[in-house]
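Since chain A is already given, all that's left is putting chain B on it; use the hints.
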Amino acid sequence: MRGGGRLALLALVGSAAVPRPAAAYDFTVGLRTIGQGYQVRRFGADGNNELLSRRRLTQYMDLAVFDLAPTRWRGDDGDRNLLYFDASLRFDSDFGGYTLGRPTGSDEIQELKQSQLDILYAFLGGKNVGGRVDFELGRQIHFDLVDFFAFDGGDAIVHVTRNFAVQAYAGTEVRGELPLSAPIYEIDGTSAGSRDPVTRPGQASALRPLVGAAVLGGRDGGPLTGRLAYRRVWSATVDRLPGEPASGINDEKLSATASANWRNRAYVAGGARLNLLVGEFDDQQLLVKLRSFARQWLTLEYSYLAPTFDGDSIWNVFASGAYRDLRGVYEVGIGTEVKAYARGFARFFTASGHAGGASVGATWRRGRGLVRADGYFDDGYGGRKLGVDASARLAVKRTFELEGRLTGYQWRADLATDGAGTTNDGGVVFGAQAGGRWLLGQGVRLHLLAEDNVGTYYRSQFRGLAVVEVDASL
Amino acid sequence: MMTRGRRFSAMAAVLLAVAAGAALAAGTDAPSPLIYPAETIPLAFDHAQHARLGATCESCHQTAQTSTSATDNLIPREAACRACHKIDRTQPTKSVPQGQGAARCAACHVGWTGIVEPSAQLAAAPPAEPPRVVLARPNLKFNHKLHAMRGIACALCHVNADTQQAPVTRADLPMMASCLGCHDGKQATARCSACHLTEPDGRLKTKLVSAATMAAGATGPLAPSGSLRGGIDAHTATFKREHKQAGREEKYCLTCHKRNECIDCHGGVVRPPEIHPSDYASLHAIDARRNTPDCSACHRTQSFCVGCHQRSGVAPDPEGGLPGRRPNNPFGTGTGLKTFHPPGWARDATGAPIETPRSNSHSLAARRNIRTCVSCHREESCLSCHSADPTGPRVSPHGPGFGATARCRFLAARNQRACLKCHAVGAMELTCD
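If you read the protein sequences in the order shown, they are chains A and B. Quick note on numbering: the first sequence equals residues 1 to 474 in the numbering used here. Quick note on numbering: the second sequence equals residues 1 to 433 in the numbering used here.
Chain A on its own, in the form it takes in the complex:
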């Protein structure tokens, strides 16, 4: 070790050894182990229906440390958690039978990776720092009405006035091909499992810088709010050949969302997203929610969505249409125990075709019990389904709760065909679930659930679920 390095090490050890006042941070640690055994319908080599037995083991590890800032930093109103750290890690292994055995070596299929360890998020956060700034530094997930994304980097919101704030963020997009990264919020349209060199599979593991900015108007929960945001993601060209561009944009969006609340009686919200990659408004939404009596709401919603993909995907240039939706929901709370709803939707495909449907349902909570029933029917492009679902939960005692569910539906999908071209995918399914939730001790919970389904294609399709949760605050 060189002299400078030794000196730095000594200084580090020395500073750690200097006595200082003990800091009382709050910790929460959450461990959740989920084991699942399930069966998936597949088509055997002879074309018949078979069940593929699979298992899945998932381990979540959540850690949060709060109140990292000195107490004297707290404002007049005693803001807690001025500085905090929040992280969630997940190990997920999906294993069991494959149709043809799992290809290995150079034939290994990216999408069939059996086990992976992901950092879902891990960041140092600040709230109301100096009375003006919120920030997050690390791996983070963000969402708003028309966007959902994850990146490694920094994000800061400066509250310039009570009704106006500016936001800026920068980093690199979280991509499944990078270590400890899940593809959950990655832009769709390209596959890391592609083998054809024409699709440029190496591009999947390229780092993608991301920058974004937004202006926010109105105060949280105020009568008028608005947000105008811009985001760009790009990447350098991997294995670049002469004449090819040095880089390309993978995502570029300008979005505006706004809401208005009139006396808590009427709420109007909407948003539009201009996808600058394709030069089109690919997402438009408008919602009106009316509250008539104390606990009655009528919601009317219109939306337009045109599928768009990663800038590297060829599907952006395909002649594909969009769809428009009209939705309506009526909800009512009857007394303190019953909530009921009726909803309907119609979807119109701009290319041609439509689909629509309706559902009704209610929940009834009384004392230690909860009963819920739902029914639905929809038809049109894609197929038809008609079903009912009834579930119940009962807290037998403070530490033990029973649950059960009955499901039945009939469906016909515009899907697989036999050799003569006749649609043959449809049938009925009846399912039953039973389980229990135990509180084994302070912060320790066990959830067991068994499910069996009987249907046109099988006499029994089993699924078992076991969840052990440990939550601790230190």
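I should point out that these hints are in silico values taken from the structure, not numbers from a laboratory. Since we're looking at a predicted model, the values are computed, not measured. Hints may be right or wrong, so weigh each one.
[As the list claims (entries may be wrong)] Heads up, simulated BS3-like pairs for lysine-lysine below, C-alpha to C-alpha not over 25 angstroms straight-line:
hint : chain 1 : residue 1 : chain 2 : residue 2
1    : B       : Lys205    : B       : Lys240
2    : B       : Lys141    : A       : Lys127
3    : B       : Lys244    : B       : Lys205
4    : B       : Lys207    : A       : Lys397
5    : B       : Lys186    : A       : Lys127
6    : A       : Lys397    : B       : Lys205
7    : B       : Lys244    : B       : Lys207
8    : A       : Lys127    : B       : Lys251
[Stated by the list, open to error] Some residues of chain A that are not near chain B, with every Cβ distance over 12 angstroms (derived):
hint : residue
9    : Thr71
10   : Leu137
11   : Gly153
12   : Gly154
13   : Val158
14   : Val160
15   : Ala168
16   : Leu207
17   : Val211
18   : Ala213
19   : Trp438
20   : Val470
[Said to hold, decoys possible] Each pair of labels, with its calculated beta carbon distance range:
hint : chain 1 : residue 1 : chain 2 : residue 2 : range
21   : A       : Phe462    : B       : Ile275    : 20 to 30 angstroms
22   : A       : Thr33     : B       : Gly403    : 51 to 61 angstroms
23   : B       : Pro393    : A       : Ser247    : 23 to 33 angstroms
24   : B       : Asn73     : A       : Ser460    : 56 to 66 angstroms
25   : A       : Ser247    : B       : Asp389    : 20 to 30 angstroms
26   : B       : Val110    : A       : Thr33     : 54 to 64 angstroms
27   : B       : Gly99     : A       : Arg368    : 44 to 54 angstroms
C-beta: ideal position from N, C-alpha, C; glycine also.
Then chain B, alone, in the frame of chain A:
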């Protein structure tokens, strides 16, 4: 037989009747039983009469102005009443001249005469007492002293207290809407945790169920009632499915929820039964074809859907799409066992690509919802025909006049790598002219 018009009218009438019935049955705004649990106040008291006689709030509720906790019992004790009511515990039925405050026990302790049954005396039991006032601890923070110091009058929060002819009960306690009249972030803090109890991490405590809250009618965790924010945050029976608009306010959701609760559904590993019923695998193709609910809200098709379809053999290339390797599954072209798509979907009987769309060919499905295709196929499936490669069929995937569209210009300007998957470097088409 009913005509169509009459049927419609009858249905409309039924719907209206149901709506009217529901409107009448709908509950009114009432304090949350989770915030103000059940209590027992077996007293008779006329606030209005005392106010008329000149009593102020402080003259009876003497500790209110110094109380710093919502759990303090601020109901006046007997000593406070004695200032006007000449109570004598040895004379439970004591009469007083007209115009003076009643001194009978039963005047306040309804139905209690103060006369101890002889049998109780014989058993040497302690003197019977009137039914006790039982107040449960509210699940709230409140500092009366702080509010009093700022000159906030009692009546500003306890609006109708001085006109009530009965004791003030939990039903009359202030609700959040009245707090927010001042707690607007300007006059006073708007932080939810200023009043609500919190977990160690600063989120609001929502699991507040206890015997006292259940006795008041509480049935679940604390959740927004929908009386604020125009009801967009109301956790109704459809909220798990329809919370997109409420979810736009990320910071507000995180007031109560942990971030990983979002991931439990949006990227989780356990099927949420409220969204997907049992054996959803049988049913999902219908939803996927019409993309409702929006699959992309939780699943990345090229990772999640393609991966699962490959595991279960419902994919064109379960062996990984290796160039030159024939698909080995029942859906494979030519297996004759089962075909996912009808004859003539992509190729005609001779195996040649279909260039002119027909009613049963794939182009119509792709135009309706290309995401359905993307859930099984990777780009190379399409590139086998839709490419400008001179050795292939060269079927254009673009619509008519694509070169003149904004989409062509924007894409060509921002990322030509996608174009170069089909077109050669420097090709004329890349100029979008």
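Practice task
Against the earlier hints, flag every one the structure doesn't satisfy and list their numbers going up.
Solution key: none
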